[in-house]
Amino acid sequence: MEFPHLQKIHDEYKGKGAIVAMISIDQERYKVGPFLEKNPNSALMLLSNSEVESAYKVQGIPLTLIIDQKGMIRYRHTGFSPGQETELRGVIEALLN
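For the sequence shown, our numbering begins at 3 and goes up steadily by one.
Honestly, I wouldn't trust all of these hints.
25 Å max Cα-Cα, derived SDA-like pairs, lysine to any residue [to be verified]: (1) Lys33 / Gly81; (2) Lys40 / Phe5; (3) Lys18 / Arg78; (4) Lys33 / Gly62; (5) Lys72 / Glu53; (6) Lys72 / Gly17; (7) Lys16 / Ser52; (8) Lys16 / Ile27; (9) Lys18 / Leu38; (10) Lys16 / Leu97; (11) Lys33 / Asp13; (12) Lys16 / Leu65; (13) Lys10 / Pro84; (14) Lys18 / Ala45; (15) Lys18 / Pro42; (16) Lys10 / Thr88; (17) Lys72 / Ser50; (18) Lys33 / Glu53; (19) Lys10 / Leu67; (20) Lys16 / Val93; (21) Lys10 / Thr66; (22) Lys59 / Glu87; (23) Lys33 / Ile21; (24) Lys40 / Met24; (25) Lys72 / Gly92; (26) Lys33 / Thr80; (27) Lys10 / Gly62.
Treat the hints as calculated values from the structure; they're not laboratory data.
Please build the complete structure, drawing on both the sequences and the hints.
Structure (structure tokens):
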């Protein structure tokens, strides 16, 4: 999912038990600082490495994962498609209830 869509999800579920984290796989890590300065209230931003990409079997981007409190992947989607926000909300709501 792209940033604006993930940001909406972050804003909606902030403080309700869900954490939205974005992982940058950009090799030019210096770009992350200016991005965060422009988006100070953004979701958690993490930097990737080969171990993370291997552990989560990253084969394409964007990759959206929903991971439960036990560390189990409950949702996985590569790419972006219309309606994905609704699908994400459904999965998050089910996990929070």
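- Sort out whether Leu97 lies within 25 Å of Lys16, counting only the CA atoms. It holds: about 15 Å lies between the C-alpha atoms, which stays within 25 Å.
- Distance restraint between Lys16 and Val93, which requires alpha-carbon spacing of 25 Å or less: holds (16 Å)
- Item | Given hint Gly62 paired with Lys10 - CA-CA distance at most 25 Å | OK: Lys10 and Gly62 at ~22 Å, within 25 Å.
- Message: For a C-alpha distance cap of 25 Å, please report whether Lys10 and Thr66 respect it.
- Response: holds (14 Å)
- Could you grab the alpha-carbon distance between Lys40 and Phe5 and see if it respects the 25 Å cut-off? The hint holds at about 13 Å.
- Message: Next pair to validate is Lys16 with Ile27; report whether the Cα-Cα distance is within 25 Å.
- Response: Holds. Lys16 to Ile27 sits at ~24 Å (cutoff 25 Å).
- Mind checking the alpha carbons of Lys33 and Glu53 for me, to see if they're no more than 25 Å apart? The hint holds at about 21 Å.
- Item | Satisfaction of hint between Ser52 and Lys16, Cα-Cα up to 25 Å | violated (29 Å)
- Query: Are the Cα atoms of Lys16 and Leu65 separated by 25 Å or less?
  - Reply: holds (21 Å)
- Restraint check for Lys33 with Gly62, where alpha carbons must lie at most 25 Å apart: holds (20 Å)
- Message: Run the distance test for Lys33 versus Thr80: straight-line Cα separation, threshold 25 Å.
- Response: Holds, because 23 Å separates the two Cα atoms, which is no more than 25 Å.
- Query: Is Lys72 within 25 Å of Gly17, Cα to Cα?
  - Reply: holds (19 Å)
When each numbered hint is compared with the structure, a violation occurs for hint 7 only.
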